[in-house]
Amino acid sequence: MKTTRLLAWLAIAIGAIYFIVPLIGTFEFSLRMRRGEYSFDAYRSVFTDMQFRATFGFSMLMALFTIVFGMLLVVPTAYWVRLRLPQLRPVVEFITLLPLVIPAIVIVFGYLRLYNSSSFLPLTNSTTGTNMLLVFSYMTLSLPYMYRAVDTAMRMIDVATLTEAAESLGAKWPTILFRCIFPNVMSGVLSGAFITFAIVMGEFTMASLLNRPAFGPYLQLVGANKAYEPSALAIIAFAITWLSMGLLQLVSRFHKTAPVKA
Amino acid sequence: MKRTALIDRRTVVDWLGIAPFMLFALLFLILPTLYLVTGAFLTPDGTFTFKNIADLFSPSILAAYWISIKVSLASSLGGAVIGFFLAWAIVMGGLPRVFRSGLLTFSGVASNFAGVPLAFAFIATLGRTGLVTVLLRDLIGFNLYSTGFNLLSFLGLTITYMFFQIPLMVLILTPALDGMKREWREASEILGASTWQYWRMIALPILWPSLLGTTLLLFANAFGAVATAYALTGSSLNIVPILLFAQIRGDVLHNPNLGYALALGMIVITGLSNVLYIWLRSRAERWQK
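Protein sequence lines, in the order shown, are assigned to chains A and B. Heads up: the first sequence begins at 27 in the numbering used here, then just goes up one per residue. Heads up: the second sequence begins at 34 in the numbering used here, then just goes up one per residue.
Derived by calculation from the structure, the hints in this document are not laboratory data. Errors might be hidden in some of the hints.
[What the hints assert, rightly or not] A short list of chain A residues far from chain B (calculated; beta carbon distances all over 12 Å):
1) Thr29
2) Leu87
3) Tyr105
4) Ser143
5) Arg205
6) Cys206
7) Glu229
[Claimed, not checked] Cβ-Cβ distance ranges computed for the label pairs, FRET-style:
8) A:Ile50 with B:Gly79: 28 to 34 Å
9) A:Thr201 with B:Phe90: 35 to 41 Å
10) A:Leu32 with B:Ile223: 57 to 63 Å
11) A:Leu195 with B:Arg133: 43 to 49 Å
12) A:Leu32 with B:Trp217: 56 to 62 Å
13) A:Glu119 with B:Thr44: 20 to 26 Å
14) A:Leu247 with B:Val131: 20 to 26 Å
15) B:Gly127 with A:Asn251: 47 to 53 Å
16) B:Arg170 with A:Trp35: 27 to 33 Å
17) B:Thr44 with A:Phe280: 54 to 60 Å
18) B:Trp241 with A:Ile43: 48 to 54 Å
19) B:Asp47 with A:Arg181: 16 to 22 Å
Since the model is a prediction, treat every value here as computed from it, not as a measurement. Each residue gets a CB set at the ideal place from its N, CA and C atoms; glycine is no exception.
Pulled out of the complex, with its shape left as it was, chain B reads as follows (with noise of 0.2 Å):
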């Protein structure tokens, strides 16, 4: 009886060691989302209803939600891509490693370089009067704004949001490919593949779990960046982080409730990104022992 006693105090002092933590994620993180979340499916007084929801398929905020998932797919693809070739460049080009070190000490500065001054740095480079558009126009006579190109403008964002999304795919994907290892490369080279046999059938395979899941890491961090096109478009560029900035402001959707369902929206795809991350980073954690 004392035994079992003695057990169960210690369990209760093991539980209240984590206590203080629980609390704060309880207060300032669970319970905050959960009560949009619950909100999103109730009338301003308080029945339950699918109304917000269906609302969020009325024709504007379609377009919002449209409009972030196209920048979002365009800065992760092109983030991805270019990181990927980056990364494959310091792992496996042959270059001298200052290059190594130099572009990984970048890219743990670039990533973070992200909200209000990365839309001041695009905008003295790439606006009506940026260092480029200047160049271009003065130098060979190139007007970059009568092509139609706009800074404020998805073309303009998806630009500017690789900024910190091409160092972060390369911060991610630089140990997955010190991971593979030589002696695959040489094991085929002796069977006779070619290095295009090599890529196809030894390292996409094995890498594509980091690829595909550092690509949708990417997109859910786009997808939740607000301060960086708020700062670059004001409110002109529809997207769903300004719309709910908005309205987050002065209830421009004139219902509470539908602003709870437009954050779950943003919860939901940016939730779903992040959980086929995450287990598609168990896969590719298999090849790295």
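Excised from the complex, chain A in its bound form (with noise of 0.2 Å):
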């Protein structure tokens, strides 16, 4: 029993160290940018930057339209699939999990193949367009985090005795899925809500490619340019992953202990 606590403290020490060098080094190298002495000019540099504001906002909304885009289309699947459609879960679940397998970069190439200005849905003629086709992306890229939130959440409500409740009490469809579903799976939906705004924030490949102006391709260019500031955006972003990551657990945690009546 000894021996297997010393390794276990061992195990814990080594992961402690190498995760936790890297975020000192980081934030170390954050501050040194005056000579001779640490300050936190390399994140007035940061926040003082337009271009950090601009591509900071642009993300932001991104991930706002790919929440509320990707709410709309995953919880009335999953709602659907569990009340009506119980034989095709193994189909829908294997598609959400589509991602996964096809590597990001590989599904944004199809879209530039696809979309591009002599195709069907020339989308990448316009910058609207273009933008459309980020978020599809986005909603692409965080569909299998999202479904299983959601569907994980269904999980613990009864599906067919609320549908058939509210429906008795003379609910129609969007009733039913706005005042009735929707409520019931928040935990679910908010889960998804954090995991994708943490993974749109930061997101590099899907933005540079498609050229849109987002967080991620400018972080890629101060990185390229500039010394100090790329530690700066580094503690930066991964506050951002903190806090997302935070309150996704604040959210389970309360849904835990304070289970929704179905």
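Please assemble the complex out of the two chains, which come individually in their own frames, going by the hints.
Here it is, written out as structure tokens:
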């Protein structure tokens, strides 16, 4: 037993060193901008950069659209599959897992060939069209996480009974969906939303190849041209991820202690 | 007669319910992929050919695949081993419970902390003027870069990738280790088995589908990653995702259809490892009831 505990401490120590040292290193590096002393100059430089604000805002907007449209697609589908088409569950689940199988760069490569100016749906012809394509690509990327989060939340409630109860009270489909199902799977919707937010904010491949001014390509540009700002940005990005995941955990914990009564 | 008509209408409504999802999947997931897959077997003027596939076996492209496979393999094996020991430590190591929730929370964050910022973090740590490099040089006079180490290399990329590989392993393996029943351990001890025998004859046979499956998942995860490698090395390290990135940007292979074949190669490799992962996971779940 004693050797077990010793080994366990050793494993934790190695893990802690591997994970914490890069974070300390990054933070220390981000403070080095002023010669000879530590300062927050790199952060000041980042926050006053117009490009930072513009690209950050753009990515936030894209994340928001992705979450809203993603949920409008995923929740009704998960609901419908549970209620009416349980035999299709494996198929739908398989499709939602596909984005983990097909690398993002391959998916966006396909978009560029399929939706270019000479195609049946020339989305890349206009800025709005390309932005839409970017949102669709993000919806695809987050599909596995969104679907699983919503489906897990839906497992906790009795979809059929809820629907019958709502129907017998005279509710129409939109009412059932938006006032009955959505509120009951809110924990899943929120978990999916936070993880989507974390994915979209730093995403590089899609935005870069679709040529959109998002936060990810901006990060790469700063990394190629500046010395200390990248570290400050890495710390900021880490904080964003930490915040999204923290909120996610909070939601799921909150949900566990106070389950919504079906 | 009337009754069958009613059933038919209901079936139609049922299918209409998931039509938006199916349409979305078709347009933005399946058709784009199929376009590339079929393009891989066509010449630029549209006739069927195997030449693109054959061209994948030219030395430069083969080298790119080989480096990609090596980096993915090394980072997934490294991530799997370290991740396994960390998961084991928090589940069976008898440590205070704070470590468990702490590590799991951190893993949730770190497994999502990939891409460009991760590259920055490792440049600031192990780059030429990074914290660890400088400390090693100033404190013990050890020059990391004189040993031939370079962050922009196979080893550097592997170490960097492990930052999101290890947490993923911890997250997937912890539930599997939680499923190991205490009774199995006790029963084996009563029968006189040593710790080594317990692991070799009970624990590992039960755990291996989870272990191997998750390693495959990590492999696919690393194989498709673009952003970290691109931000870290620019285009100096010739791995497949970077080559494909350059090909999409400006047809560096001088043959668009060879680009499709390159993409097909990626799908085949990540696809195979994922299919194996799913199969192994279904085997692993037998014991987790």
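Verification of the supplied hints:
A cut-off of 12 Å between C-beta atoms contradicts the statement that threonine 29 of chain A is not in contact with chain B; the least separation is 9 Å. Against chain B, the non-interface label of leucine 87 of chain A holds: every CB pair exceeds 12 Å, the least being about 19 Å. Against chain B, the non-interface label of tyrosine 105 of chain A is violated: not every CB pair exceeds 12 Å, the least being about 8 Å. The beta carbon of serine 143 of chain A is kept farther than 12 Å from every beta carbon of chain B, the shortest such distance being approximately 15 Å.
The non-interface label for arginine 205 of chain A is consistent with chain B: the shortest C-beta to C-beta separation is roughly 18 Å, beyond 12 Å. At the 12 Å boundary, the C-beta of cysteine 206 of chain A stays outside the reach of chain B, the nearest C-beta of that chain being 16 Å off. With a cut of 12 Å on Cβ distances, glutamate 229 of chain A falls inside the contact zone with chain B, its closest approach being about 7 Å. The hint said 28 to 34 Å for the Cβ distance between isoleucine 50 of chain A and glycine 79 of chain B, and at roughly 56 Å that hint is violated.
In this structure, threonine 201 of chain A and phenylalanine 90 of chain B break the distance hint of 35 to 41 Å, their C-beta atoms being roughly 60 Å apart. Checking the proposed 57 to 63 Å range against leucine 32 of chain A and isoleucine 223 of chain B shows it is violated: the Cβ atoms sit about 25 Å from each other. For leucine 195 of chain A paired with arginine 133 of chain B, a C-beta distance near 45 Å keeps the hint of 43 to 49 Å intact. The hinted range of 56 to 62 Å is not satisfied by leucine 32 of chain A and tryptophan 217 of chain B, whose Cβ atoms lie roughly 23 Å apart.
Checking the proposed 20 to 26 Å range against glutamate 119 of chain A and threonine 44 of chain B shows it holds: the Cβ atoms sit about 21 Å from each other. The hinted range of 20 to 26 Å is not satisfied by leucine 247 of chain A and valine 131 of chain B, whose Cβ atoms lie roughly 40 Å apart. At about 50 Å, the CB distance of glycine 127 of chain B to asparagine 251 of chain A agrees with the hint of 47 to 53 Å. Checking the proposed 27 to 33 Å range against arginine 170 of chain B and tryptophan 35 of chain A shows it holds: the Cβ atoms sit about 30 Å from each other.
For threonine 44 of chain B paired with phenylalanine 280 of chain A, a C-beta distance near 40 Å fails the hint of 54 to 60 Å. Take tryptophan 241 of chain B and isoleucine 43 of chain A: their Cβ atoms lie about 28 Å apart, and the range 48 to 54 Å is violated. Between aspartate 47 of chain B and arginine 181 of chain A the CB atoms are about 20 Å apart, so this pair conforms to the stated range of 16 to 22 Å.
In the structure shown, a violation is registered for the earlier hints numbered 1, 3, 7, 8, 9, 10, 12, 14, 17, 18, in ascending order.
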